Amino acid sequence: MLRLENVRKQYKDFELDITMEVKPGYVTGLIGRNGAGKTTAFKAGLGLIRTEGEITLFGKPLRQIDARDREKTGVVLADSGFSGYLKVKDLVVILRNLYRQFNEMYFTDKCKEFDIPFDKQIKEFSTGMKRRLQVVAALSHNAELLIMDEPTAGMDVIARDELLAMLREYMETEGRSVLISSHISGDLEGICDDIYMIDGGKVIFHEETDVLLDQYGILKVTKEQYETLDKSFILRQREEEFGVSCLTKEKQFYLENYPDVVVEKGSVDGVMTMMIRGESR
Amino acid sequence: MKGLLIKDMKLMLGQIMFLIVLPIVGAMIVVPSGQLNMGFGYIASVSGLFAVTTINYDSYDNGYSFLFTLPVSRRGYVKEKYIFALMSSVAVMLAVGVTLWFLTAAVHSENDYEFVDFLGNMWSAYMITLTALSFLLPIFLKYGAEKSRYIILILCGIFMALSVAITMDETLGELLEVEIKGIVFLILDAALLTGSYAVSCGIMEGKDF
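Same order as they appear, the protein sequences are chains H and D.
With this note's numbering as the guide, the letters of the first sequence map in order to residues 1 to 281.
With this note's numbering as the guide, the letters of the second sequence map in order to residues 1 to 209.
Fair warning: there could be bad hints in the mix.
Unchecked claim - One side of the interface only, derived from the structure: several residues of chain H facing chain D at Cβ under 8 Å:
id, residue
1, Leu48
2, Gly53
3, Ile55
4, Phe58
5, Leu62
6, Glu71
7, Asp79
8, Ser80
9, Phe82
10, Gly84
11, Asp90
12, Val92
13, Val93
14, Asn97
15, Phe114
Claimed, not checked - In silico BS3-like links for lysine-lysine, alpha-carbon gap of 27 Å or less:
id, chain 1, residue 1, chain 2, residue 2
16, H, Lys12, D, Lys147
17, H, Lys72, D, Lys207
18, H, Lys87, D, Lys10
19, H, Lys60, D, Lys147
20, H, Lys120, D, Lys2
21, H, Lys12, D, Lys10
Claimed, not checked - One-sided and incomplete, this derived list gives chain D residues near chain H with beta-carbon spacing under 8 Å:
id, residue
22, Lys10
23, Gly63
24, Asp208
If you are wondering where the hints come from, they were derived from the structure by calculation, not from laboratory data.
Source: prediction; values computed, not measured.
Cβ coordinates follow ideal geometry from the N, Cα and C atoms, glycine included.
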């Protein structure tokens, strides 16, 4: 669906250098700290910034993507949206004329369901409401690929759950894909098929979510236990007050061979913290 | 294209109060004296500036990033801006101009200012608007609303300095006293707008959002 290969973008004090892929039928998560390069990666994938390297969307080089191809994407951006001077009732007419497959009934029904006012300028909306509007618009024209940068930002728990349910419903149609970022790791654990972690503009970790949750673990060992530990499967380690935290992809090996060692189940937050703060062996 | 034109139309109608104020201010300039000619500069400038205001709305709050994720190419966006500017400037010009003509005719019934002459002058004013738009559009696309204001002020300053120079230098004045026929003006504007469009496409295609 979307592939970024050795994509580079140089800014004065930041460089993006990334290779990643969103496969057909996949929900791919992108996580990282603030300023890690998530939004830059999204913008690169959307052709909003000029980059070096190879970007392909729907199997075509990005420079060959035309307005028709763009109809097959639905986008939510963290720092941009519809003109604040428009009203939702204006958007209905605009979207009807921009997208050949715009589902007006779905759009208006979802707006009503989310209590999005039709007759108020968008600039007067709260952050969460603006985001809900973008999500509804992105889902309303039968897009094949959703690209969503922090779609749950500013939403309460209920709204977030509703949005994630909408994404699951969207993915029920075969061949669709989603690229999503969120600062709430629980959102990604529940919906993503694979996860990319980026830091300092580079991919530092990529794994299938099931593998991450099932096979990864964080060992909590004392210094004495650490000395006797088989370190063949330790990916990252970090000194703590109690001793050492170790990230492993072979949680089961340590559970079976070191029954005295505390092994925490792998989680997106835990793995990200270890990948960023920990040291490689 | 159609979706973008509707968007700009909606944005324009969102400024309905401003649209109402335009002929009122124009009437305050023109009607007391009965000199309709005084209003053409006003009509040309407000219609030209009004046509580029939607660019400000698009760029407001980093709006371009999202705009170009919609089924809109950068070249298509520029084309729409030019079409919308040409259409909206005609609409504003006619709405303001005709209102002023009727008001002036009603208040100063002694005036024998023919409607046909009025339309001829409106045409000239429109040609000036087109000339201005061919500069304003790329400037607004390149620099955005904030910086464009300063650039326009500088351009106005240069224009005024040139006017003073022409007034003071007889040779220069005579040189410019060549009457430009309507059709020649139109061809010149068409050439200017074509060049301006190409420059604007280059500006938008070279931008990061």
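Structure-based check of each hint:
no. : hint                  : result
1   : Leu48                 : holds, 4 Å
2   : Gly53                 : violated, 15 Å
3   : Ile55                 : violated, 14 Å
4   : Phe58                 : violated, 13 Å
5   : Leu62                 : violated, 12 Å
6   : Glu71                 : holds, 5 Å
7   : Asp79                 : holds, 5 Å
8   : Ser80                 : holds, 4 Å
9   : Phe82                 : holds, 7 Å
10  : Gly84                 : holds, 6 Å
11  : Asp90                 : holds, 4 Å
12  : Val92                 : violated, 10 Å
13  : Val93                 : holds, 6 Å
14  : Asn97                 : holds, 4 Å
15  : Phe114                : violated, 19 Å
16  : Lys12/H with Lys147/D : holds, 23 Å
17  : Lys72/H with Lys207/D : holds, 23 Å
18  : Lys87/H with Lys10/D  : holds, 9 Å
19  : Lys60/H with Lys147/D : violated, 37 Å
20  : Lys120/H with Lys2/D  : holds, 23 Å
21  : Lys12/H with Lys10/D  : violated, 39 Å
22  : Lys10                 : holds, 4 Å
23  : Gly63                 : holds, 5 Å
24  : Asp208                : holds, 4 Å
Of the numbered hints listed earlier, those contradicted by the structure are 2, 3, 4, 5, 12, 15, 19, 21.
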